[in-house]
Structures are given as C-alpha cells and as structure tokens.
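Asks: Given next are the chains, with one letter for each unit.
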Amino acid sequence: MRRIGAVYGALAFLVLSCAFANNAFAVFVEDRLSDPVLEERAREISEGIRCLVCQNQSIMDSNADLAKDLRSIVRERVAAGDSDDDVRNYLVSRYGDWVLLSPPFRMKTALLWISPLLLFGVGAVFMWRFMRSRSDKISSANELQPLTPEEISELEGVMKNTAEKADK
Amino acid sequence: MKLKFLAPVLTFLVIAAVMFYALFHLDPTEIPSELIDHKTPEFSLSAVPGYGESLSSADLKAGKITLLNVFASWCVACLAEHPVLMELKRQGKIEIYGLNYKDKPDAAAKWLSKHGNPYTRTGMDLKGRVGIDFGVYGVPETFIMGPDGTILDKIIGPIMEKDLKNKILPRIQENLG
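Chain order of the listed sequences is W and X. For the first sequence, the numbering used here begins at -4 and goes up steadily by one. For the second sequence, the numbering used here begins at 2 and goes up steadily by one.
Hint data in this document are derived by calculation from the structure and do not stem from the laboratory. Do not rely on the hints blindly, as some may be mistaken.
Here are the simulated PhoX-like pairs of lysine-lysine, each with C-alpha atoms no more than 20 Å apart in a straight line [stated by the list, open to error]: (1) K63/W with K105/X; (2) K63/W with K128/X; (3) K63/W with K103/X; (4) K90/X with K65/X; (5) K103/X with K128/X; (6) K90/X with K168/X.
Assemble the whole structure, with the sequences as input and the hints as a guide.
Replies: So, in structure tokens, the structure goes:
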C-alpha cells in the first residue's frame, strides 16, 4: 500500500511540475510583433531588462504598468530596426546601467566582477599555507631520530627482563 | 598569535556592520538618475484642460530654475507632497511645472480643482512616453531644472522636509544670489 501511495505521489508531482513549467512560458497578452523572429528578439532583450518597480523581476515577468510600457518600447525599437545593443543603450541612457539585469563590465563595476577571483586567490593562498604547515609537521614527525642514551638503557632493561623470563 | 581565534568573530562583525548600515541608511528603491547633468529630453504636451498653458521642453530652457513635478490624480503619495508645492507656489520664488503622468484629462482637472493648482504650466503625458524619456519609474518624482534646461537634481518620491532643505532651497538661493 505504501509503495502505491509513493508512486501516486510521484505521479502527482510530475503532473504538477509540468503544469507549472507550462505556466512559465505564459506571456502577457498584448500587442505582439507580427514577425516571429523580431518578437523573439524583443522578448530576449526584455528578459534582460530590469523592471524598475519590482526590481528583481525582468520586464518580461512583471505586469507593472511601467514594465508594460517598457516592453512596448522594446518591441517598437526592434520593429524599427534597432540592434539589440541599440535598444539596451536607449534604456540605459534613461535609467542607467541598473536597468540591465546583468551589470556590464565598467570601471565602476570592475570590483564586482573581479571580487570572486580575488577571493579565490586569497583562499588559495591560505589553503596552500595551511597544507604546507600540516605536511611540515607530518614529515618532521616521520623523520627517524637516533635513540637517546636513556631510551637505549630502557630498551636494554626491557630486553634483559624478557630474556630472564623466557629462561625460567 | 593567541588572538587568532578572533578572526571569525571579527569577520562576522564586519559583515554585520555593513548589513546594519545598509538596512537603515540605504534605500534600494532609490535609483540614481542617469539623466542628471543632461539636457532635458525634447517634448511638447498640451495642458490639463483649464489649467495653465501647455508644457514643452522649450519652457524648461527659459533661463530660470524651475521644478518639474511628475504627478497623477491616481497617485496617493502626490497628495502627501501637495502642500509643499502649494507653499512653494505661495512664496513665488520658483516656478513649478506639472507633468501629468498617465492620467485621464478629466480626472487630472478634477484633482487640481479639489486640491489646488501649484503649477504655472501643465502637460499631459497620456501614454507615459515623456516620463520614460525622463527616466521616471514611479510617481511622484521632481526634477530641478537649470536655466538652460539641464537636469540639476531629482527627488524620487514625495518631497520631504530634508529634500526641500538640502536640494530645492539651496538651488533657489544660488539662483537669486
């Protein structure tokens, strides 16, 4: 019984997730460009444009009024024959780099882009030093040292003892 | 180095301090305007019926500092700053132009008759295109325009006491002096 329940559960999950996946492709109903190639381009650009009202959504995902207006502007520009960069520059000149969901590489954003590399470098240096200090300890522990005189006399004592016991 | 154990604690404290500062002193909804120090975008709009003359970019280059206030009758926050605009008009030191953003002409006229009209000129931006040219992403927004039509500064959201004191009044002073 339990196994059947699990199978049904898995099925329900599959069906539901398919339903939601389909949902993700739903696009707001509005004037689309008649040329599917241009429409595709307009959507691709819109996916990368931040909705300034809802901030972490693209204008493609948002139904805020401003997002709607920006979408129609993107479509208009694409239809007028602007290149992808032209459309983006048009919006950047009004709303700044912030309107792009992925920040462009500039002097101002250099630190943002380089910081993962920097952090990786710092981490690597620490890791290297840590590993070396550990291997130093291990190798020094492994090195053979001659016995000290005390150890020699102790060892001889033990040997003598066991020999005497064995004799008895 | 006996203090080595403090390193994680210190790291945490630094991160906490940065976050604490950001929580109370930085506003993520405030996007610095790209258009500051740029010329006004070109536009020409007809006035809200019965309220002043029409508004075009030429009016913003008329050789004096002006305020361009983006407002709408559907905008609640606009009501909050309305008394400030009325007071500025009463003092008469600066001309205020109203950009009526994505509104209905009747509704805008009604709103102005109900709450008072601080604007010497109004322009109806029915489709919101001029607003987008100005980088407007919410109402109200107020632009301080230089004598030659340069955007000197921008106030996002209702004009507060501190905006008046730090941004608008010094500009007026500067212009008179």
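Asks: Does each hint fit the structure? Answer for all of them.
Replies: Results for each hint:
1. K63/W with K105/X: holds (18 Å)
2. K63/W with K128/X: holds (11 Å)
3. K63/W with K103/X: holds (13 Å)
4. K90/X with K65/X: holds (15 Å)
5. K103/X with K128/X: holds (6 Å)
6. K90/X with K168/X: holds (17 Å)
Going down the numbered hints, you'll see the structure goes against none, and every one checks out.
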